[in-house]
Amino acid sequence: MDFSALRDAVENAVAAVCPGWLIDRRDDLVQAAMLGLMKAHERRPMDFSPPYLKRVAFHALVDEIRRQRRRREVPLEGVEQPPRARRANPEDHATGRQIGAAIRECLDRLIPSRRRAMQLLLLGHSMPEIAERLGSDVKRIQNLVFRGRAELRTCLSAKGVEP
Amino acid sequence: MTVDRHDPEIDAWRDALFTLAEDEPQRSDCPDPDELWAGAHGELTPTAVEELLDHLAECAACTEAWRLARRLDGDGDAPEQADDLATTVPIRPPRPWRHAAIGWAAAAGLVLASLLWWTTQEPPATLRQPQGAWIVDTVEAASLARRAFELSWQGPAGARYGIRVSTDDLRVVAMATDLDRAEYLVPAEALESIEAGARLFWQVTADLPDGRRIVSETFEVRLE
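Protein chains in written order, with my numbering: chain A, 285 to 447; chain B, 7 to 230.
If we strip away everything but chain A, and leave its shape as in the complex, we get (with noise of 0.2 Å):
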């Protein structure tokens, strides 16, 4: 197993998926996702596909980021604490989180079947993707998204947030 080349494929992904506020960590994520990788390898030395591999530098990662975001709640009296992502425009972000705790309310308010597949289409997935994950026809997602936008469009502009 060449650690060094797979190191640099996880600093890579990690670059690429890094959250924001922790840009700052980005070098204890790759080493969080690399101890999760040997322990991985230690346990089944055999199975190491690349679809295996990101499965477990993904573990890995999570775990991680949730280990900071838990840091940032508990102050430790000399213990560094994780920096907040230091932002080129602090009211951007505040108006960003104003906007996506906006949308938020208003997909709460969508029936259950909107909800979710406007979830996933938000999350990126195509109209195949989510009906196959919603166990559902390519037609009925079409309709639901349709619906579901246009639900959501007029709830943020009674809320004030136009496109």
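Result set (DMTMM-like, lysine to aspartate or glutamate): computed pairs, CA atoms no more than 25 Å apart in a straight line:
no.: 1; chain 1: A; residue 1: K423; chain 2: B; residue 2: E226
no.: 2; chain 1: A; residue 1: K443; chain 2: B; residue 2: D21
no.: 3; chain 1: A; residue 1: K338; chain 2: B; residue 2: E56
no.: 4; chain 1: A; residue 1: K443; chain 2: B; residue 2: D60
no.: 5; chain 1: A; residue 1: K443; chain 2: B; residue 2: D29
no.: 6; chain 1: A; residue 1: K323; chain 2: B; residue 2: E41
no.: 7; chain 1: A; residue 1: K338; chain 2: B; residue 2: E57
no.: 8; chain 1: A; residue 1: K423; chain 2: B; residue 2: E57
no.: 9; chain 1: A; residue 1: K423; chain 2: B; residue 2: E230
no.: 10; chain 1: A; residue 1: K423; chain 2: B; residue 2: E49
no.: 11; chain 1: A; residue 1: K423; chain 2: B; residue 2: D60
no.: 12; chain 1: A; residue 1: K443; chain 2: B; residue 2: D13
no.: 13; chain 1: A; residue 1: K443; chain 2: B; residue 2: D17
no.: 14; chain 1: A; residue 1: K338; chain 2: A; residue 2: E326
no.: 15; chain 1: A; residue 1: K338; chain 2: A; residue 2: E416
no.: 16; chain 1: A; residue 1: K338; chain 2: B; residue 2: D38
no.: 17; chain 1: A; residue 1: K323; chain 2: B; residue 2: D38
no.: 18; chain 1: A; residue 1: K338; chain 2: B; residue 2: E49
no.: 19; chain 1: A; residue 1: K423; chain 2: B; residue 2: E201
no.: 20; chain 1: A; residue 1: K423; chain 2: B; residue 2: D175
no.: 21; chain 1: A; residue 1: K338; chain 2: B; residue 2: E41
no.: 22; chain 1: A; residue 1: K443; chain 2: A; residue 2: D392
no.: 23; chain 1: A; residue 1: K423; chain 2: A; residue 2: E435
no.: 24; chain 1: A; residue 1: K338; chain 2: B; residue 2: D35
no.: 25; chain 1: A; residue 1: K443; chain 2: B; residue 2: E30
no.: 26; chain 1: A; residue 1: K423; chain 2: B; residue 2: E156
no.: 27; chain 1: A; residue 1: K338; chain 2: B; residue 2: D79
no.: 28; chain 1: A; residue 1: K423; chain 2: B; residue 2: D17
no.: 29; chain 1: A; residue 1: K443; chain 2: B; residue 2: E15
no.: 30; chain 1: A; residue 1: K423; chain 2: B; residue 2: E189
no.: 31; chain 1: A; residue 1: K323; chain 2: B; residue 2: D40
no.: 32; chain 1: A; residue 1: K423; chain 2: B; residue 2: E15
no.: 33; chain 1: A; residue 1: K338; chain 2: A; residue 2: D312
no.: 34; chain 1: A; residue 1: K423; chain 2: B; residue 2: E146
Don't read these hints as lab results, they were simulated from the structure.
Owing to the predicted nature of the structure, the values given are computational and were not obtained by experimental measurement.
Given chain A, put chain B in place with the hints provided.
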């Protein structure tokens, strides 16, 4: 009628939603990362996906993690290919069924039926889709109950609608004209002789205030 997952409005909503993850505390009921990975990659049952999505609705951190799972696998960033996209619904003039299984004889019968139906209406000024106007089926269920067989659609503002519902052997089950709402409840007695599970086809016309008429494509729904 389909929506592009990379539509600018969808992108803006997505970006705004993901800003929530940064400041939210870590919840104690978050699912195992393996489950999030499985959900993001289509490895779970629909019921399990629904439960995950219900959690994601309240947890920005897991929403972010789901997105990470897709990006780690190279999904979700590239512009969509056109295969499952159609940003407009083409409005076609009346024509034979789209379903190849019907056959030419049935198609000819439908053309005749359409002509007979149209001759009872005012001749349309045009059948081409006007800019920005369309008729789309908004029935969410794949099948409808006999006593609640309500068909609905989205159409141009100010239009008066006509609708025709037929069986797959071209027998007209119900018709209505001059509807001022984009919905129609098929009378239960009209469906009495239709067996459960049968496919029914329906088509809508919209008469616009400017005198033009639009004809929708043929939609399909089953009788429960």
